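Residues per chain, in single letters:
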Amino acid sequence: GAVVSQHPSWVICKSGTSVKIECRSLDFQATTMFWYRQFPKQSLMLMATSNEGSKATYEQGVEKDKFLINHASLTLSTLTVTSAHPEDSSFYICSARASGASSYNEQFFGPGTRLTVL
Amino acid sequence: KNEVEQSPQNLTAQEGEFITINCSYSVGISALHWLQQHPGGGIVSLFMLSSGKKKHGRLIATINIQEKHSSLHITASHPRDSAVYICAVLPSGYALNFGKGTSLLVTP
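Protein sequences, first through last, are from chains A and B.
Per the numbering used here: the first sequence ends with 118, consecutive numbering throughout.
Per the numbering used here: the second sequence ends with 1108, consecutive numbering throughout.
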């Protein structure tokens, strides 16, 4: 099946620093990637939708200047948490939707990145 | 907004038991996903359904579009099946709506 990787799998940083998380589709092209965050014992919450070559679409309440998303190629999207604060500590998960009508509804999830901001 | 309700919220079973997790949603959808999340956090997509029934190993997923209901069944459950199972639906559009998950514990 299709594989999505995330890097790093976990990161600890100091308050005020920026952290970049990568999401890669390893064996397929993904025109659309999604970024989610998940708090402990909560469901996934969609943060933004990233389309290759265009600006990301952010969900209501998500600060686009704080969570910078770049989708520069069909296999890579990045999420940068700028000026991170302890309340940004969370589990960040990406998913990717393969190109092509036959798999339009199918999303493949990355393993997640656990961010801890001290 | 499409509400997604899962039941039960928590489930404990003995090894070998047949397990059913239910998912109901409120508006029309184009697809429904069943996902598995282990304690480490990573999510695995188990099934994507738009109609009928799918089977993979000991896992079976069914969906009834008219009743807006889906079930995930696990036959001959095993401790390694212990995880959170999440139902997610795709209304017209692109964004998945997630249920809150069912936490399953299978004891030896």
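Just to be clear, a hint being listed does not mean it is correct.
[Claimed, not checked] Now the in silico label distances, taken between C-beta atoms and shown as ranges: (1) B:Gly1057 / A:Val3: 38 to 44 Å; (2) B:Ser1007 / A:Ser73: 39 to 45 Å; (3) B:Gly1028 / A:Trp10: 37 to 43 Å.
[Said to hold, decoys possible] Chain A stretches covered by chain B per the calculated footprint, using a threshold of three residues with CB under 8 Å from any CB of chain B: (4) 33 to 44; (5) 111 to 118.
[Said to hold, decoys possible] Computed far set for chain A versus chain B, every beta-carbon distance over 12 Å: (6) Lys14; (7) Ser18; (8) Lys55; (9) Glu63; (10) Asn70; (11) Thr82.
Since the hints were made in silico from the structure, they are not lab data.
Note that the structure is predicted; figures quoted are calculated from it, not measured.
C-beta: ideal position from N, C-alpha, C; glycine also.
- Message: Please list, smallest to largest, the hint numbers that this structure does not respect.
- Response: Going through the list in order, the structure violates hint 1 alone and respects the others.
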